[in-house]
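Visitor: Starting from the structure of chain H, add chain W where the hints point.
If you read the sequences in order, they're chains H and W.
Take the first sequence: its letters are residues 1 to 256, numbered as in my numbering.
Take the second sequence: its letters are residues 257 to 748, numbered as in my numbering.
Worth flagging that the hints you see were computed from the coordinates, not collected in a lab.
We treat Cβ as the ideally placed atom computed from N, Cα and C, and that holds for glycine.
Warning: the hint list may mix true and false statements.
Quick list of simulated restraints, FRET-style, between CB atoms [claimed, not checked]: (1) W:Arg-312 to H:Ala-119: 33 to 39 Å; (2) W:Gly-360 to H:Asp-161: 51 to 57 Å; (3) W:Thr-355 to H:Ala-181: 50 to 56 Å; (4) W:Gly-707 to H:Ala-212: 28 to 34 Å; (5) W:Pro-318 to H:Glu-116: 35 to 41 Å.
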Amino acid sequence: MISACSGNTVRMRVALFVTCLADTLFPQAGRACVRLLERLGHQVEFPLGQTCCGQMHVNTGYQRLALPLIRRYAETFAGYDAIVVPSGSCTGSVRHQHAMVARRFGDETLAARAEEVAARTYELSEFLTDVLAVEDVGAYYPHRVTYHPTCHSLRMLRVGDRPLRLLRNVGGLELVELPDAAACCGFGGTFAIKNADVSTAMLADKMRNVLATGAEACVASDSSCLMHIGGGLSRLNAGTTTVHLAEILASTRENG
Amino acid sequence: MSTFLGMPELPVAPRGVGHLRGAEPFPAAARSALADSQLRRNLAKATTTIRAKRARVVGELPDWEELREAGRAIKAHTMASLDGYLEQLEGEFTARGGTVHWAGDAVEANQIVTDLVRAAGASEVVKVKSIVTDEIGLNDALAGAGISAVETDLAELIVQLGKDRPSHFLVPAIHRNRAEIREIFLREMRDVDPSLTDEPRALAEAARLHLRRKFLSAEVGISGANFAVAETGTLCVVESEGNGRMCLTLPRTLITVMGIEKVVPSWSDLGVFLQLLPRSSTGERMNPYTSMWSGVTPGDGPQQVHLVLLDNGRTAALADEVGRPALHCIRCSACLNVCPVYERVGGHAYGSVYPGPIGAVLSPLLTGVEDNASLPFASSLCGACYDACPVKIDIPSILVHLRARHVEEAARASRVPDAEAITMAAAAWTMSDPRRFAAAQRGGRIGRLFGRKGKIRRLPPPLSGWSRARDVPVPPARTFRQWWQREHRSPP
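Excised from the complex, chain H in its bound form:
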């Protein structure tokens, strides 16, 4: 938490960590973050040295290979007051895995630096509600949507109802409750490939619940889970799409 920032009296150096997945496949989520934060009066920087948080390597068992990625993250974002991430999962990795992996290989210096940068790393809804202290971002999105709280947002970061508070303030938005919302969609990184059958069975129930809401789109704050749910819905031609929280919050009457 940065004390004097809520009144915008002190200018923060805000960096966007867009995540490797959004950078490559879902750039609209990253562009939405920039548009949203600029609209709220913050200049956003995109340090070009950034790549990936290394979560895939850590969660697949390749912790040593994640070390250079962890080092890169700590170095790239060292000078910023706040690092905003449009992903609960990648934020969770930065916060709960980076220092752990560094320590596992005896690099205390890196562990300390990783902890320091992690303390200034925020998932988007955390940054908006905790750091900027805004819940009404002035968005307008005239659609019926349902919110899927991604596992790592919910149980690793404990974002609670922050995304819902932001969504409830969006003009024109009809928010429908998702049945069994807290259940995992079955993505789980390489789990979706190593255990494709179980992953698909979990996805089937998530899609059934999403479709039961009659929503036009399922919203979440992780491109990875959205790629999973959206990939299933697309295969079925279900007519319901997925949208990142940032895209909804960035939309206005003028600029849908």
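Guide: Frame of chain H; chain W shown alone:
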């Protein structure tokens, strides 16, 4: 570097005995379970019901989080001084007329129990529901010595008569429906009424009559233990049917097999777990039948009381700093009931007597990771298990740790890296430099050629597992990085 690397190898649970290793890797076993619609329905119904019950009774306690923390702290403290508490338990149990035996592994434990039953001159024993005796394959060992072991827990009896395997800690026959149970009883119970219906009441009564005769004739009872109190040498079994109490009180000889991690220092510690366990397992405020005994009471109950303290890989688990808390487990099954993977595949897919999230960490810790290498990957790391655990075992972190142990041990065992290791190394090499990453992104846009209407429907192996059921968006014309550089004219 963690201490487990480079330490002398501690003995793990031996192969060829007991039930800690499955016949096939988890993904293959899961595939057949997923196709069983009856199993899916039973599991979904049972886990949903127990989840709701648990949530209700946990929610009514204002100090639930403090209780969980107390449970965690007691277990962590006990594990740190386990040798001392076990010796205290042995001293107190012996002082009260009991006999303590130390078993390094399943083979030793089975031999000790077999010898004790033979010494008692019995050819049939009655058993209290016990997971640890299933872990070591005690019934098979006894059968090999001509001794028949009768399971007396209703669900365990169903499993035993059906020549089946348990699939849940608490409800071992969760995968069976009542029609199947009726068939099993009619086929396997010699003394059953042939007009037996599949009414739960009728089934329970049939089991009751069958078991009553066994209780009254048994010379030896065999149990596990939920807890052992070191300060008074007291053993404790919690159960719901009262059948356990019959086994614990009627036979002249009582043999208890207990994993060394079950000891707690004092009665006040036990009080914490007797609050945590029923709420987490059955969703009850208090456990129905809680039996405790300290050695022998002359003229009352069993007059020969034995305790077999079992290691079977537990010391090896204890030596793993990150994995150690898996030994805190009190077998409540809350993690099974909340696990989205368990809910869909059931217990058999895990191949071990310890299924679900806790089994996915405990089994590889006991057998060595390479003997259960697919289990740490049998999780989406959603974290529901950690939230539900009454002793706050951080199962996701242990899963991640065991994945690393597997990758590192497999790499040491083979000079040639496998396809996954090569892919991961290439990805890390690419990602560790933004220029290389940007180049790879540009290369990835070749995917645009294969997509139709914005989606890709088929990916090459190993990604084909994904595309069997899920589309992938075609890579956008411009990555975020490219958009940013164009917008902000920053140098590449």
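Visitor: Confirm or reject each hint.
Guide: Hint by hint, here is what the structure shows:
no., hint, verdict
1, W:Arg-312 to H:Ala-119: 33 to 39 Å, "holds (37 Å)"
2, W:Gly-360 to H:Asp-161: 51 to 57 Å, "holds (52 Å)"
3, W:Thr-355 to H:Ala-181: 50 to 56 Å, "holds (55 Å)"
4, W:Gly-707 to H:Ala-212: 28 to 34 Å, "holds (29 Å)"
5, W:Pro-318 to H:Glu-116: 35 to 41 Å, "holds (36 Å)"
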